[in-house]
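Residue numbers (the working numbering), protein chains in the order written: chain A, 1 to 148; chain B, 1 to 349; chain C, 1 to 662.
Mixed in with the good hints there might be a few duds.
As the list claims (entries may be wrong) - Label-pair distances were calculated between CB atoms; the ranges are: (1) G40(B) - R138(C): 48 to 56 Å; (2) R615(C) - E221(B): 51 to 59 Å; (3) K90(B) - G600(C): 48 to 56 Å; (4) R615(C) - H114(B): 53 to 61 Å; (5) E315(B) - T221(C): 31 to 39 Å.
Claimed, not checked - Below are the SDA-like pairs computed for lysine to any residue, each with C-alpha atoms no more than 20 Å apart in a straight line: (6) K106(C) - S35(A); (7) K130(A) - G220(B); (8) K138(B) - C296(B); (9) K250(B) - V617(C); (10) K90(B) - G462(C); (11) K59(C) - K106(C); (12) K90(B) - M30(C); (13) K90(B) - N455(C); (14) K256(C) - P275(C); (15) K136(A) - R222(B); (16) K90(B) - L585(C); (17) K379(C) - T368(C); (18) K487(C) - N455(C); (19) K463(C) - R393(C); (20) K64(B) - L37(B); (21) K120(B) - V617(C).
Unchecked claim - Facing chain C, according to a computed beta carbon distance under 8 Å, are these residues of chain A, among others: (22) D27; (23) P46; (24) V118; (25) N137.
Derived by calculation from the structure, the hints in this document are not laboratory data. Quick caveat: nothing in here was measured; it's all calculated off a predicted structure. The C-beta atom is built at its ideal place from N, Cα and C for all residues, glycine as well.
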Amino acid sequence: MSIEAKEEFRPKIVAFCCNWCSYAGADLAGSSRLSYPADVKIIRVPCSCRVNPMFILRAFEKGADGVIICGCHPGDCHYTTGNFYARRRMTLLFSMLDFIGVESGRTRVEWVSAAEGVKFSATMNEFVEKIRSLGKNVRLEDLRCQNV
Amino acid sequence: MPECVKTMSQAEREIHLMTAQQQTTQTQVVNRAKELLADGTVARVLGWKAGELPYAPQPAYFEKEEDLEEFVYNGFCGANLSKYMIEASKLDGKTLVCLKPCDTYSFRQLMKEHRVDREKAYIIGVGCKGKLDIEKIKAQGIKGIQSIQGAERTDDADTLTIQTLYGERTCAYADVMLERCHVCKGKEHMIFDELIGESRDTKDRDRFAQVKEIEAMTPGERFAFFQKELSRCIRCNACRNVCPACSCRKCVFDSSQFDSAQKANADPFEEKMFHIIRAFHVAGRCTDCGECSRVCPQGIPLHLFNRKFIKDINEFYGEYQAGADLEPRGPLTSYVFEDVEPGIVAERG
Amino acid sequence: MQRVGVFVCHCGSNIAATVDVKKVAEMALMEPGVVHAEDYQYMCSEAGQARIQEAIREKQLTGIVVCSCSPRMHETTFRTAAQRAGLNPYMVEIANIREHCSWIHKDMEEATKKAVLLMRAAVAKVNLNTPLRPGESRVTKRALVIGGGIAGIQTALDIADAGYEVDIVEKTPSIGGRMSQLDKTFPTLDCSACILTPKMVEANAHERITIYTYSEVEKVTGFVGDFTVDIRKKARSVDMNKCTGCGVCQEKCPSKKTPSEFNRGLSTRSAIYTPFAQAIPNVPVIDREHCIKFQTGKCGVCAKVCQAGAIDYEQKDEIITQKYGAIVVATGFDMIRLDDYDEYAYSQSKDVVTSLELERIMNAAGPTKGHLERLSDGKAPKEIVFIQCVGSRCADNRGKSYCSKICCMYTAKHAMLIRDKYPDVNVTVFYIDVRTPGKNFDEFYRRAVEEYGVNYIKGQVGKVIPQPDGRLLVQGVDLIDNRQILKEADMVVLAAAIEPDPDVRKIATMLTASIDTNNFLTEAHAKLRPVESPTAGIFLSGVCQGPKDIPETVSQAGAAAVKAIGLLAKDKLLTNPCTAHSDELLCNGCSQCANVCPYGAISYEDRQVNDHGIREVRRIAVVNDALCQGCGACTVTCPSGAMDLQGFSNRQILAEVDALCR
Numbered sequence: 001m002s003i004e005a006k007e008e009f010r011p012k013i014v015a016f017c018c019n020w021c022s023y024a025g026a027d028l029a030g031s032s033r034l035s036y037p038a039d040v041k042i043i044r045v046p047c048s049c050r051v052n053p054m055f056i057l058r059a060f061e062k063g064a065d066g067v068i069i070c071g072c073h074p075g076d077c078h079y080t081t082g083n084f085y086a087r088r089r090m091t092l093l094f095s096m097l098d099f100i101g102v103e104s105g106r107t108r109v110e111w112v113s114a115a116e117g118v119k120f121s122a123t124m125n126e127f128v129e130k131i132r133s134l135g136k137n138v139r140l141e142d143l144r145c146q147n148v
Numbered sequence: 001m002p003e004c005v006k007t008m009s010q011a012e013r014e015i016h017l018m019t020a021q022q023q024t025t026q027t028q029v030v031n032r033a034k035e036l037l038a039d040g041t042v043a044r045v046l047g048w049k050a051g052e053l054p055y056a057p058q059p060a061y062f063e064k065e066e067d068l069e070e071f072v073y074n075g076f077c078g079a080n081l082s083k084y085m086i087e088a089s090k091l092d093g094k095t096l097v098c099l100k101p102c103d104t105y106s107f108r109q110l111m112k113e114h115r116v117d118r119e120k121a122y123i124i125g126v127g128c129k130g131k132l133d134i135e136k137i138k139a140q141g142i143k144g145i146q147s148i149q150g151a152e153r154t155d156d157a158d159t160l161t162i163q164t165l166y167g168e169r170t171c172a173y174a175d176v177m178l179e180r181c182h183v184c185k186g187k188e189h190m191i192f193d194e195l196i197g198e199s200r201d202t203k204d205r206d207r208f209a210q211v212k213e214i215e216a217m218t219p220g221e222r223f224a225f226f227q228k229e230l231s232r233c234i235r236c237n238a239c240r241n242v243c244p245a246c247s248c249r250k251c252v253f254d255s256s257q258f259d260s261a262q263k264a265n266a267d268p269f270e271e272k273m274f275h276i277i278r279a280f281h282v283a284g285r286c287t288d289c290g291e292c293s294r295v296c297p298q299g300i301p302l303h304l305f306n307r308k309f310i311k312d313i314n315e316f317y318g319e320y321q322a323g324a325d326l327e328p329r330g331p332l333t334s335y336v337f338e339d340v341e342p343g344i345v346a347e348r349g
Numbered sequence: 001m002q003r004v005g006v007f008v009c010h011c012g013s014n015i016a017a018t019v020d021v022k023k024v025a026e027m028a029l030m031e032p033g034v035v036h037a038e039d040y041q042y043m044c045s046e047a048g049q050a051r052i053q054e055a056i057r058e059k060q061l062t063g064i065v066v067c068s069c070s071p072r073m074h075e076t077t078f079r080t081a082a083q084r085a086g087l088n089p090y091m092v093e094i095a096n097i098r099e100h101c102s103w104i105h106k107d108m109e110e111a112t113k114k115a116v117l118l119m120r121a122a123v124a125k126v127n128l129n130t131p132l133r134p135g136e137s138r139v140t141k142r143a144l145v146i147g148g149g150i151a152g153i154q155t156a157l158d159i160a161d162a163g164y165e166v167d168i169v170e171k172t173p174s175i176g177g178r179m180s181q182l183d184k185t186f187p188t189l190d191c192s193a194c195i196l197t198p199k200m201v202e203a204n205a206h207e208r209i210t211i212y213t214y215s216e217v218e219k220v221t222g223f224v225g226d227f228t229v230d231i232r233k234k235a236r237s238v239d240m241n242k243c244t245g246c247g248v249c250q251e252k253c254p255s256k257k258t259p260s261e262f263n264r265g266l267s268t269r270s271a272i273y274t275p276f277a278q279a280i281p282n283v284p285v286i287d288r289e290h291c292i293k294f295q296t297g298k299c300g301v302c303a304k305v306c307q308a309g310a311i312d313y314e315q316k317d318e319i320i321t322q323k324y325g326a327i328v329v330a331t332g333f334d335m336i337r338l339d340d341y342d343e344y345a346y347s348q349s350k351d352v353v354t355s356l357e358l359e360r361i362m363n364a365a366g367p368t369k370g371h372l373e374r375l376s377d378g379k380a381p382k383e384i385v386f387i388q389c390v391g392s393r394c395a396d397n398r399g400k401s402y403c404s405k406i407c408c409m410y411t412a413k414h415a416m417l418i419r420d421k422y423p424d425v426n427v428t429v430f431y432i433d434v435r436t437p438g439k440n441f442d443e444f445y446r447r448a449v450e451e452y453g454v455n456y457i458k459g460q461v462g463k464v465i466p467q468p469d470g471r472l473l474v475q476g477v478d479l480i481d482n483r484q485i486l487k488e489a490d491m492v493v494l495a496a497a498i499e500p501d502p503d504v505r506k507i508a509t510m511l512t513a514s515i516d517t518n519n520f521l522t523e524a525h526a527k528l529r530p531v532e533s534p535t536a537g538i539f540l541s542g543v544c545q546g547p548k549d550i551p552e553t554v555s556q557a558g559a560a561a562v563k564a565i566g567l568l569a570k571d572k573l574l575t576n577p578c579t580a581h582s583d584e585l586l587c588n589g590c591s592q593c594a595n596v597c598p599y600g601a602i603s604y605e606d607r608q609v610n611d612h613g614i615r616e617v618r619r620i621a622v623v624n625d626a627l628c629q630g631c632g633a634c635t636v637t638c639p640s641g642a643m644d645l646q647g648f649s650n651r652q653i654l655a656e657v658d659a660l661c662r
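Isolated chain A, as found in the complex (with noise of 0.2 Å):
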């Protein structure tokens, strides 16, 4: 899958979703047909706490343009405090990934619920557009994996 110069910019977007809610939300949507781009490519994990800073940076690494985190909205974790460590790791970690640098539009953390299809789909909507703005990830990209 190379990307051609010339063509329109279409950015690698990973998003972790947890099981309870986020991955139900993003079902919801799907059942709700309200799309959201293609670009986005979602991984399921038990819970947001589950989202190591090392998967990110690997994302980041391997040429994701854009990486983002769903979980319960707090309070509602199916795990009762697993997206508590998680706000707190990715507060930490995207204030450090803005501090070298890294543009903070690249990083976010969404609360979305099993019931908020819309608000699924909104977001993502939103952070397509909010990295299409921002480019291409050259910041962070490992420079072997372009032409793979």
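For chain A, the structure is supplied; the task is to place chains B and C on it using the hints.
Chains B and C alone, transformed into the frame defined by chain A:
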């Protein structure tokens, strides 16, 4: 010794006491260590011994009284010995360990994490009046160093006298201190069995000044700054090996767990990933001892990563100093319902 | 190397219309490990499953990927199918190419490209899957019901009747709950006490029901089938075994100024009290905060007058630890506080009351002995205004966004009862909508309007202004006639919103049951599993799950009981094998993981390890499989990566990341 005192005249006794007061911390520690080795309280002493160069003492174990003749304690003993106690805790008998005030934070943090055994440590809190950075001395154009006087800082001697191949040179002690000493955490030892020597709070700078400077740059400037700094990284792992918080039995960058085993840098992102993850793993546990920057052979200001996390933690979750208490939960293993959302990073701009 | 089979489902045209399924199957064959790929109309059908099973057997597959609908839909179906063909069910991965692909994208090329990526990610993951086996855990044949209102009582009775032991924990001194405070009930105007009391008595007398009143749940550990609960039995200061319930102590108690909770503060009670006459158990408690003996040390009247010698000032709180297989939450509701609704003059005038206060005023055992009178001067009102939706269906954050559901009906009931007993009293109701979905509900409401002449005005009230003569000036609008209304009233009744009991958040946290922003407990599925919490073994009964009236509460209570019985009837449960595990060679024993584990599943042991020849005793984290629910919080806290989650391992997720970013 008691007999000796008996035969002393009153005047002699006063002189003896005066010299005891004037005795250097080094001599006092050595004397005390000999006593503790002799009476079996401790099985070994963990301190510093002279290195090949006058400004490079090395951490060392001493098991016999006579070995202690090599014991050194001066302004170049910046090394934080807390981490050595992880291994020393596995040995038989107690280890006498010399900890400076800032080192005691690391020791307490390690205690909290069950990595060191308090029962296996006899802690002598050694006085500290700021430690020296040889790179800063060299940066003053002082070369061919043969010996240095004044590294045992006293209240009235704030100057280093350096004998070089090219003659005697001097420089102000405060000008050549390690960066971390300018943001000194204070002269109190957090934990000790006994204290030897005076300490001084050498803080004269804002701990977060440099972090704030970088924060004020544009993202592009920040990226360029870190690109430049981190591109010098040779992945020698000195920062990791010296860090008391980075004390995993096996680092993730050496294991197959994350498919991230150490390898040659193939792209400019790899070292960034290493340093971000390293800082993240010690976030909320790093005591800001500054060892990472001290040992980096490339002079990369690695402490900036840790300090950025500390600054954020303080701002978002309240002032926190790792190792200041024994509360098991740190900022990343606790939460409150009202915590800021990660979106704050983008909002802050 | 795995031998992977990829099965691409058309889902009729649901997938095939936007995704080139043949192409996905074709591309799959180019992935490492893939030895078989096919597409089929409906993979979930019997025929589709048979194809999968056949391929597993014929091609000796060690793992399969089904590209189909959401794993939340058919993961279990395909796992079971794989298992029947001799494959470990956890060697199955689903690529969600319907909800996450074909249904949201229109362009065939784009959707196909994405479907291929999703397939690749699933193949990359399954290549790293390992067979997992669920453990077994036992089921304690006993249920706990938290809350002793009508919901809790009904659930307890149903479970007990099915042959299982049930304990009810109620925080107030008596069971009965909100229903015991009601005077009459809609839509038949039964006397509330007359239908509730027999149930209370039945629960109390039931051989398999134990009631702990004046008690609270203090700690919950364990998991479905095997919960361990600490119940704090607060010191009643009265010996339950000796007390005869004669009531003399309450008569003689000199401290009589405490607002009665049961009468919503409209009357006072003594420091030693039973909340109401039909209380069960009929044993008073001493409210130590208001008892002269406890506050000053001087008094002891109750002990002197008690012929049974039941008063025990030395009594201490008691902790009862009990094991349960299932827990039903039935914590009920309260009215919201009206502090933020100053415009209705609730705090300024005694004659502005909430509906529940009116309920007590109308009740023969209430503060006015059932006479409808103004609380300010005791005069009989001639003009009563009801205001609906006070804090319900509220757009701002003063109130609740939801409809409290019961107010329309109880207001019709109140209006009807007042008009019936006091025909000279005019009743006006200001409403936004009248909602009467329920059997005989609309008929009931229409009777209020048509037979009893209650004046319903569609419109809201802006302000209630107390007048110097003690009357209340109600300023409202009539939206139908589009005019301002100024009405003088003698009493104003506010249909205040209901909200879950404030203690429910604490209880939900202990149970690790999820709760929504309004503090209602969340059901496992809004439509298909309405009485179960997503946390296994926790069931929901009554208003703690959402506003509902008595008939609905009772039916939900029964449904929750059935679900609990279904669980208790099992001897063993299979546990989720996707749990965390600690690698003893990597673990630092630093205890950080235990700090973030919500289930207390991690403990530490000193273990002899052999680390490439280094033999030493190390402090190692150990995960209790039965307690671990597989959230993964520990895996990220662990700096060395010693903690990993089966089924969602670090390497599996990284493989997915790599595949998607390729």
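Interface hint status, D27(A) versus chain C (Cβ within 8 Å): This interface hint holds because 4 Å falls under the 8 Å limit.
With the threshold set at 20 Å, check whether the alpha-carbon distance from K256(C) to P275(C) stays at or below it. holds (13 Å)
Holds or violated: K106(C) with S35(A), Cα cutoff 20 Å? holds (9 Å)
Outcome of range test on Cβ distance (R615(C), H114(B); 53 to 61 Å): Given a distance of about 20 Å, which is not inside 53 to 61 Å, the answer is violated.
Would you settle whether the hint for P46(A) is holds or violated, based on the nearest Cβ-Cβ distance to chain C being less than 8 Å? holds (5 Å)
Go through the hint on V118(A) and say holds or violated, using the shortest Cβ distance to chain C against 8 Å. V118(A) check fails; min Cβ-Cβ to chain C is 13 Å, beyond 8 Å.
Are K64(B) and L37(B) close enough, with their CA atoms no more than 20 Å apart? Holds, at roughly 7 Å.
Does N455(C) lie within 20 Å of K90(B) when you go C-alpha to C-alpha? violated (85 Å)
Could you grab the alpha-carbon distance between K136(A) and R222(B) and see if it respects the 20 Å cut-off? holds (18 Å)
Is the Cα-Cα distance between K59(C) and K106(C) 20 Å or less? violated (35 Å)
Compare the distance between the alpha carbons of K120(B) and V617(C) with 20 Å, and conclude whether the hinted pair is satisfied. Distance ~16 Å between K120(B) and V617(C) Cα, so the pair holds.
Status of the given 31 to 39 Å range, CB of T221(C) versus CB of E315(B): holds (36 Å)
Taken one by one, the earlier hints fail for this structure at numbers 3, 4, 10, 11, 12, 13, 24 and 25, listed in ascending order.
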